[in-house]
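Novice: Residue-level listing of the chains:
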Amino acid sequence: MPRIFQRAKKPGLSPGTLIHVGERKVDKPRISFIDYDETQFQEKGVKTIEECFPFKDTPTVTWINITGIHEVDIIEKLGKHFDLHPLILEDIVNTEQRPKMEDFGNYIFIVLKMLYFNEKENEINSEQVSLVLGSNFVISFQESIGDVFEPVRERIRKGKGRIRKTGSDYLAYALVDTIVDNYFIILEKFGERIEEAQEELVKMPTPETLQAIHKLKREMIFLRKSVWPLREVVSGLDRAETPLIHEATGIFLRDVYDHTIQVIDTIENSRDMLSGMLDIYLSSISNRMNEVMKVLTIFAAIFIPLTFIAGVYGMNFAFMPELAWRWGYPVVLTVMVLVAVVLLFYFRRKKWL
Amino acid sequence: MPRIFQRAKKPGLSPGTLIHVGERKVDKPRISFIDYDETQFQEKGVKTIEECFPFKDTPTVTWINITGIHEVDIIEKLGKHFDLHPLILEDIVNTEQRPKMEDFGNYIFIVLKMLYFNEKENEINSEQVSLVLGSNFVISFQESIGDVFEPVRERIRKGKGRIRKTGSDYLAYALVDTIVDNYFIILEKFGERIEEAQEELVKMPTPETLQAIHKLKREMIFLRKSVWPLREVVSGLDRAETPLIHEATGIFLRDVYDHTIQVIDTIENSRDMLSGMLDIYLSSISNRMNEVMKVLTIFAAIFIPLTFIAGVYGMNFAFMPELAWRWGYPVVLTVMVLVAVVLLFYFRRKKWL
Amino acid sequence: MPRIFQRAKKPGLSPGTLIHVGERKVDKPRISFIDYDETQFQEKGVKTIEECFPFKDTPTVTWINITGIHEVDIIEKLGKHFDLHPLILEDIVNTEQRPKMEDFGNYIFIVLKMLYFNEKENEINSEQVSLVLGSNFVISFQESIGDVFEPVRERIRKGKGRIRKTGSDYLAYALVDTIVDNYFIILEKFGERIEEAQEELVKMPTPETLQAIHKLKREMIFLRKSVWPLREVVSGLDRAETPLIHEATGIFLRDVYDHTIQVIDTIENSRDMLSGMLDIYLSSISNRMNEVMKVLTIFAAIFIPLTFIAGVYGMNFAFMPELAWRWGYPVVLTVMVLVAVVLLFYFRRKKWL
Amino acid sequence: MPRIFQRAKKPGLSPGTLIHVGERKVDKPRISFIDYDETQFQEKGVKTIEECFPFKDTPTVTWINITGIHEVDIIEKLGKHFDLHPLILEDIVNTEQRPKMEDFGNYIFIVLKMLYFNEKENEINSEQVSLVLGSNFVISFQESIGDVFEPVRERIRKGKGRIRKTGSDYLAYALVDTIVDNYFIILEKFGERIEEAQEELVKMPTPETLQAIHKLKREMIFLRKSVWPLREVVSGLDRAETPLIHEATGIFLRDVYDHTIQVIDTIENSRDMLSGMLDIYLSSISNRMNEVMKVLTIFAAIFIPLTFIAGVYGMNFAFMPELAWRWGYPVVLTVMVLVAVVLLFYFRRKKWL
Amino acid sequence: MPRIFQRAKKPGLSPGTLIHVGERKVDKPRISFIDYDETQFQEKGVKTIEECFPFKDTPTVTWINITGIHEVDIIEKLGKHFDLHPLILEDIVNTEQRPKMEDFGNYIFIVLKMLYFNEKENEINSEQVSLVLGSNFVISFQESIGDVFEPVRERIRKGKGRIRKTGSDYLAYALVDTIVDNYFIILEKFGERIEEAQEELVKMPTPETLQAIHKLKREMIFLRKSVWPLREVVSGLDRAETPLIHEATGIFLRDVYDHTIQVIDTIENSRDMLSGMLDIYLSSISNRMNEVMKVLTIFAAIFIPLTFIAGVYGMNFAFMPELAWRWGYPVVLTVMVLVAVVLLFYFRRKKWL
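Residue numbers (this note's numbering), protein chains in the order written: chain A, 1 to 353; chain B, 1001 to 1353; chain C, 2001 to 2353; chain D, 3001 to 3353; chain E, 4001 to 4353.
Hints were generated in silico from the structure; no laboratory data involved.
Since we're looking at a predicted model, the values are computed, not measured.
Just so you know, even glycine gets a beta-carbon here, dropped at the ideal spot from N, CA and C.
Just to be clear, a hint being listed does not mean it is correct.
[To be verified] Dumping the calculated DSS-like pairs for lysine-lysine here, alpha-carbon to alpha-carbon at most 30 Å:
1. B:Lys1080 / A:Lys158
2. A:Lys77 / A:Lys28
3. B:Lys1044 / A:Lys160
4. B:Lys1189 / C:Lys2165
5. D:Lys3025 / C:Lys2189
6. D:Lys3351 / E:Lys4351
7. E:Lys4351 / A:Lys77
8. E:Lys4010 / D:Lys3025
[As the list claims (entries may be wrong)] Examples of chain E residues toward chain A, derived with CB under 10 Å:
9. His4020
10. Glu4192
11. Phe4252
12. Val4256
13. Thr4266
14. Asn4290
15. Ile4302
16. Ile4309
17. Trp4325
18. Trp4327
19. Arg4349
20. Leu4353
[What the hints assert, rightly or not] Sample of chain E residues lacking proximity to chain A, with all beta carbon distances greater than 12 Å (derived):
21. Thr4060
22. Glu4121
23. Val4152
24. Leu4187
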């Protein structure tokens, strides 16, 4: 189940104390490094974070991607060299952050949630992605190895589109855009599961259907929690009065913003859908109860009077003239059939049959 | 069923990559072309988009309408000639857009949803309409062939109203106005279906009624999704500080805005109506269950005691003095009738009969 | 039933095309005419609208009231002489408008909904009232003949209060105020009907009670639709930066605004009341079902065991020693009474009796 | 029951027409009069309102309290002498006002609702309190005699706190503060009643419990209606740019504002509580139905098969070998016990026993 | 149960009258005292509040912590010496405050709620913490002895982090941060309890489960009441234009703000979770009722017809030819078995078995 409640850290700690909060999703942090401008391009895997430091002040765009955030001293060294505020470092290693964006003057800090669909558990999971955008560098932090940023790397390598011609702000935009685009895939899958549950609901709802609806609702809450704050993040980036983001990037940010709103709209609509499905489920239970009751009532209402009649002529009174009649038995049988027919007719008129 | 969840495109693509997302609703894109000012008027079907290009810089108002958006290279050529931003072109061919309006300085881009009622499926469908408003041209993109813009064409041809005397902004307004006017027809039909479902509900609700209510609710969500953002679009056009929209057009835009609010109001009210109908449906199920239970209870409560009495005198004890009495049988029958009458009276007082 | 869904007009028409939308509530439009200032007063019925035209430019306050709006050419002539925008004329004859207020510089256009209670149908109806406020004239349009403006006419005739001493803005205020005051009467009646339904609910709810609640809810939606926008209309009048409305009138407009808020509050509260009543209705159904079930259970649980005992001694085994005992029959009867008493006691302890 | 719907006055009346709307709660209006500054103090009961007039222009703070507002001519005379706007006077005598605050330049008009708990009816009632704050006077209007302002009078008499050292604005604050403090007492009582209903709900809910919950909900709506607008009133006083309110009073007004928010919070929370209680009530009905059904089912399911067996051996076929067996009867009895035991075991496994 | 309704104090009291409202949680107030700057540090327990007074004007940061607020004269003396407004003192001793922040120019007053989990009662309790932040002192007031501030003291003692290098504003921040961090622990526990209740719900819901859900909902309301206002408090501190808070502290306050939003988000999500759980509970009751009904119906529908057949052949008519047939009995038994089989088959097809 996607976790909706927060993990707590120890309260009263000095702010900026680096403590990894969250699961450890990779064994050893991996550092990947790309450096480019319009004319040149360099990509390498690096072993120690220090290898990246010389590129901090080159005019080329430097992108350092760190996968695995549980080794705090890497984050610490990086923070010291790039002069990042201790609170940022604390946020990077604490995976319980809410998506946010903060402008620190000479760099901008962004926290996002990357969503992926866990086929095995048939549910949505999330991982935290943090970005630091400086004037000529972007540092990104991921929890686990995924190839979600691979298309961006490919575009840099091949010099496709405008990415090599623009600055670090466009790179940061491209990463955010990739993450938001990814949400649509998650939502498409989510939508399919809602449709499936809906079909089940119409055909033959079982208590498992209710469980499924409830699970979807839970995931919807989880999605909302991950996506709602994004709206402020992206509009904050667009409105930020900072030289770090060039005016030309604005239109791309507004494009991402539109997508974010689309994602939020879809989530809100799925909420309405799910609550409607619950209503249908409840009324289908009531309907089935009605069916059961009707069957019971019809059986009971027909046979109880007949049994009574049989009971009367099973009495042992000495003087019961009917018992001695030649046609007593056939007459009683006929009466019984008549009673049954009248009752069946009555129930048919009531539309119970 | 109207689709409520988005189709996803491949994430990580370079922004501005033209990929058609949506159904292909026409075989081959059709291009229609109208050029006019107060004194002259010219209309022709064109085969290649290039035929329209020379009119870009004439002072007359040029209206290019493209039906069918899956051939991306037409869009691309057009974009290049009219100098449209790649993101716009991407939005035009992706039919999953949310209605929006964006001011690019020398042109304004508008995305709308055209709604039409599918009689065959008895449901509402939508198609995306994009408009590009330049200083002396309007380019409109439709997904499928419909005659919704025909009245506007007619007004241009005949020079009716002020359309020939005004600029491209008024033409764009006229197109938006036509689309919004069209919503009222959809809503009228939608309202009728709600009334029908309501009548069914009062007369004789069945599980199909619930399905109908649920379908209407789904369509209401779909409508809301298409119409809500329109509010911002139209008010954005009115407030836009752009030389593209003349002041005299403002009052017409405010008129469209009023209509948009009316449409939204009606959708919100239909939401309230539908949730009220669900309540009635649920209580009608309970009421019918009550009816069934009463019938069962009355039958059982009357005949079970009588059967018991009959059972007593069916026992085979050697010494049962009543059995030998001359009037035993008639007395017992009378007692039975009395018991039945008392119980009937009791149920009538309880208002169950 | 009050109509909640809009009637649509033909889409794509040139804006300003005058088409009457709505029912025709009077045979022939009537025009009434009042002209006054502090010292003089003149009132007459006029046959043709042209008779009113000379008064347009006199310094006295002129009030033209037109009842019946289906004869579009009267509206058209009036519009031409008083130089009204075509969109206004279109709004006047389309009775599906949402209440609104628009400042056109040299006049202000106001649309309101007049509510009246239809005793025969036991429901609320509405009619559209439009006002045009110029610097020295007010033109009002009503759908049907009603005496709702009579008190204002009376005040003018008798020179009561400040109405003769003030300008056209005060007259417009007085008309709006009269309409809003009228809402309180409607709400009082509406409140009474809610109280009635409530009493019925507590005493003896039937499916008809549910229908009544649902009808009241529908009317509440209808009321809200008519009254909510009024808030903006009145506050718009108060805040409007126009020489048409004198500062001294501001305090009166704020008074109307307060009343509007009171009306809206009451409608919102009635909404809460109605949803509470629905809950009570549903739970009363469940309660009654409980009652029915208890009766059934008590009857069945008592008599079924007794019938079983009787059945045992009705068996025809050759060797059943009890049957031959002298006291067999009385003992069995006693056992039966004991069983019944124990069960009755059990049900009383369960508080079912 | 607290009235939630408004009483209407006659529409179309000239604004400022004084008509008392509401119940008459005292026989004859009483006027009390206090005049003070830091050094002197004077208190007297006055017979005619004219006795108070000379104090209007003295530099001392004058507090006139009028209890009973149905004698309109007192209000009228007062209004003329203190130069109050006719609309204010109309509001004072119409007890259906919504709490509000209006700044008239040389005085401020405040309407509040005083709440008190009616022990006899076990419900909350309200009365309207109006205040007029001038530069050196406060006029207060109450509907009925209550000692709610007595503590303020006492503070003035004894010169306790800062009241004698400050101006009329502080006196007005003290009156408002007293009224708001009073709300807490009402809410405490209200809270107790909710807790009581809750306890009843957990122990043994009856239809009366539902009635109680519904009554509390009604009162909650009534409370909300009286208290919500207060927020704007008090914050309006604090923000008002008027020389009538000294800066030093601001902090006290913010204190009252905090209390108002607390009151509103509590009301909103009680709303949540009440809706939760309704859910519990409904589910307790269902639970009890379940209990009833289980009892019925257990009885029926055990005895119906047994009765059937007895019925079989009560048949009168000539050739039924079992009937003649020596051990037939005991064997059948044993079979019956076995069937009963198996069924009991089955129901215990189903956790119905 | 956490109390949701306010305790009232006596209305009409002079503002600033010190009356302790709330439980008395410690016997005797304890005063602890810390004084530090970057180079020196001093900590002592003090007996009388006067011992702290000399430090008011030293340039070092002074932190006075008072545990136990029922002895009003300590608060009063402190207030007099530190020149605190009487309304603040009143708020400190009244534990029913809503969290708030007020800027008094030369000091800032903050009220917060500290939450702790009462293991014994298995519920959340709260206590009020007030802070006064002056230019070189912080005074904190707690209701009971807890070690929540101990980590801060430890940081001061050891000179860890930046706390010794910064001013009183950072100390105040550290205290607020500690309290907010503490909320996460409460929420984690709360979340666990929700998960537990959820598991119970899926496995085997009982009326106790409903009680648990309701209790959690109540606590959720209580949490919301304590935490919602915090948002304004912290953002108010950040935005306050006061020399008391240095710019460098702003980023830390924004960090606390982010945490506050996270807490509020989690509470809102738990609200959604709880209402979803209620729906599941209700539908599980209905489902079980369905189960019960099916068992009853199957038993009744099978055995009632069989009993009827037995009854027929238990009649005592003189002429019933079947009774005399050699194979009568076996044939009837076979018929009975057939009837039962057909009915079982019928119920299996209906999926009731």
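Novice: Does each hint hold? Answer for all of them.
Specialist: Evaluated hints:
1. B:Lys1080 / A:Lys158: 23 Å, holds
2. A:Lys77 / A:Lys28: 16 Å, holds
3. B:Lys1044 / A:Lys160: 39 Å, violated
4. B:Lys1189 / C:Lys2165: Since the Cα atoms of B:Lys1189 and C:Lys2165 sit roughly 51 Å apart, the hinted pair is violated (cutoff 30 Å).
5. D:Lys3025 / C:Lys2189: Satisfied, since the Cα-Cα distance of roughly 25 Å is no more than 30 Å.
6. D:Lys3351 / E:Lys4351: 22 Å, holds
7. E:Lys4351 / A:Lys77: 66 Å, violated
8. E:Lys4010 / D:Lys3025: Holds: E:Lys4010 and D:Lys3025 sit about 26 Å apart, inside 30 Å.
9. His4020: 28 Å, violated
10. Glu4192: E:Glu4192 check passes; min Cβ-Cβ to chain A is 8 Å, inside 10 Å.
11. Phe4252: 6 Å, holds
12. Val4256: OK, holds: E:Val4256 within 10 Å of chain A, min 9 Å.
13. Thr4266: 6 Å, holds
14. Asn4290: With a minimum Cβ separation of about 5 Å from chain A (threshold 10 Å), the hint on E:Asn4290 holds.
15. Ile4302: 9 Å, holds
16. Ile4309: 9 Å, holds
17. Trp4325: 14 Å, violated
18. Trp4327: 19 Å, violated
19. Arg4349: 12 Å, violated
20. Leu4353: 12 Å, violated
21. Thr4060: 20 Å, holds
22. Glu4121: 21 Å, holds
23. Val4152: The claim is violated: E:Val4152 sits with its nearest Cβ about 6 Å from chain A, within 12 Å.
24. Leu4187: At about 6 Å from chain A, E:Leu4187 fails to clear the 12 Å cut-off, so the statement is violated.
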